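Taken in order, these protein sequences are the chains called A and B. Heads up: the first sequence begins at 1 in this note's numbering, then just goes up one per residue. Heads up: the second sequence begins at 1 in this note's numbering, then just goes up one per residue.
Since the hints were made in silico from the structure, they are not lab data. Bear in mind the structure is a predicted one, so any value in this text is a computation, not a measurement. A virtual CB, placed ideally from N, CA and C, is assigned to each residue, including glycine. Watch out, some of these pointers could steer you wrong.
Okay, derived cross-link-like pairs now, DSS-like style, lysine-lysine, Cα gap no bigger than 27 Å in a straight line [to be verified]:
| id | chain 1 | residue 1 | chain 2 | residue 2 |
| --- | --- | --- | --- | --- |
| 1 | A | Lys416 | A | Lys341 |
| 2 | B | Lys72 | A | Lys318 |
| 3 | B | Lys72 | A | Lys341 |
One-sided and incomplete, this derived list gives chain A residues near chain B with beta-carbon spacing under 7 Å [to be verified]:
| id | residue |
| --- | --- |
| 4 | Phe28 |
| 5 | Pro155 |
| 6 | Tyr159 |
| 7 | Gln221 |
| 8 | Gly235 |
| 9 | Val237 |
| 10 | Gly244 |
| 11 | Asp247 |
| 12 | Ser251 |
| 13 | Arg423 |
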Amino acid sequence: MLAEDQNQNKMTSERIASSFRDPAGFVFSREGQIYRQINFVGKECYESLIKSGFYDSLVKSGLLVAHEEVAVEPFDSNTSYKVIRPAQVPFTSYPWEWSFSQLRDAASATLQIQKTALEFGMSLKDCSAFNIQFVNAKPVFIDTLSFEPYREGEPWSAYRQFCQHFLAPLALMSRCDIRLQKLWLANIDGIPLDLASRLLPLRTWLNFSLLTHIHLHAGSQNYFADKAPSGQSQGKVSRNALLGIIDSLESGINAQNYKAKGTEWGNYYANTNYKDASAEHKKKLIEQFFDKIGSQELVWDLGANTGVYSHIAAQYSKRVIAFDIDPAAVEKNYLFCRDQKDCKILPLLLDITNPSPAIGWANEERRSLFSRGPADTVMALALIHHLAISNNLPLSLIASFMARICNYLIIEFVPKSDSQVQRLLASRPDIFPDYNESSFEEAFLTQFHLEASEAISESQRRLYLFKRLSM
Amino acid sequence: MKHRGIEYSNSFFPTKSICLKIAFLLIFFLTGVLPAAYSYLDPGTGSFILQTLIAALFGALFVVKSYWQRIKSWFCRHNPEDNKSTVDSEVTNKQLKSESSEDKGAERFEKHAGRGSESE
């Protein structure tokens, strides 16, 4: 009977691919739910977290994901001490998809957690940016097993990781170029400090925090790289020293800034063919379409800009992911959402012509955009010309791509006569004879059923509501 | 802008790497400390040693700063408590409760619900 149970268990449960580093436990999924198994190895740390009152304090302040202990079959009963069911994170996102302020807020939340941990005699044993997820546009720490009892005098084991995962990318984005965030994709354990030190401008040597935690830190790593540690003479880091280091890291984080001005779409709404009446009509049409399809669980707004239409979608859905390619637009959207109570929109950075890939061990550790979908509904407003004209994508490929990522599709067709398309064609020959409304409809009708379509008043554009054929 | 990746051999100033080596050789030989690492996560020997080297300075700065803040708050007693919580405290608990409920369909938001009125 046990063997049968275990077989059944294996069939329905799956260990999460990224959860392999910590012997204290791991995360697995079963029937659409995420569980965390706490191993006997992690018993002491988990019990300290709960009994010290630290867990209650963190959950009360919203910094840690809440969980309940559940009596379900463990994934591996030989090693299991307990199984907990954390509050489910609605959508997993990664640091290379976050705006500047999302990464900075994640860093601040991590330091705040470490400071609180010390008050309760605990300490963070790692500082991975992947331990932070955004719930209601706020950073929440999701790894319940990242804590250990604090041992006075010991250096902080997560210090290097904090600098690589937070301080270095933030400094590079702030002091060099916002696009250097994409270095994450080539460095899954954060930006190597020697690389950050080499790329940062010389004037950052005058910033005490960056001098210490990036430049000297990189030098120290380099100098001691081939020297084995010895237990004979141990250096001590007192509690006050650790608090001082945390305080200095906090100053370093707060000193990094990014002003979201001069966005790619900055004056988009001012420069389009839209009159106020057109914009209003477009909003009404989107509302009508959502009325028609009913409330949705997950909406992806591709090319969301600063999220004007994402907010309409949010009224009709449980969760909206507002993707855009422009870091400034995502930043503005995030800053707005962060100030809302229980905001259902998560703004993320994404180039839809080159979506987030699966990376890490066995190409499974961090998931691709596709594997985090499909969405119930995708909105692609004023996006088609960027895909078809700027990226030379045939309409048939765009249609089949959309059919892979959604059930319902709200899409706007922007004709060649539109000034935005004319701008794209201004400096290149028009090699798109098939880019017109009828070809567009023909391409999409091979994948979708047309539910509704209407011309947007006082413009040459048309809005469509499609439903995927295989539904 | 500086020219990255190019080091001029006849430069008047010593390069960054030489400065670093000198600084670390000095500090290392003056203190001569090497800590032992216990973590499952490799903290990097250099990262550990750097912490032990900067510990005294940062500890002292922190103590001075703490006292200074105490003095400051003594003079302006009306400062409100610094509430650093970044997330609404009910968010995660409420979410957990709502997910425990059996009928997930019932939690779907009303079609015409306005923003902010969607809880529960």
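Against the structure, the hints:
1. A:Lys416 <-> A:Lys341: The hint is violated at about 41 Å.
2. B:Lys72 <-> A:Lys318: 46 Å, violated
3. B:Lys72 <-> A:Lys341: With a Cα-Cα distance of about 33 Å, the restraint between B:Lys72 and A:Lys341 is violated, given a limit of 27 Å.
4. Phe28: 17 Å, violated
5. Pro155: At 4 Å from the nearest chain B Cβ, A:Pro155 passes the 7 Å test, so the hint holds.
6. Tyr159: With Cβ-Cβ at 5 Å, under 7 Å, it holds.
7. Gln221: With Cβ-Cβ at 3 Å, under 7 Å, it holds.
8. Gly235: 3 Å, holds
9. Val237: With Cβ-Cβ at 5 Å, under 7 Å, it holds.
10. Gly244: 3 Å, holds
11. Asp247: 6 Å, holds
12. Ser251: 10 Å, violated
13. Arg423: 31 Å, violated
When the structure is compared with the earlier hints, violations turn up for hints 1, 2, 3, 4, 12, 13 and for no others.
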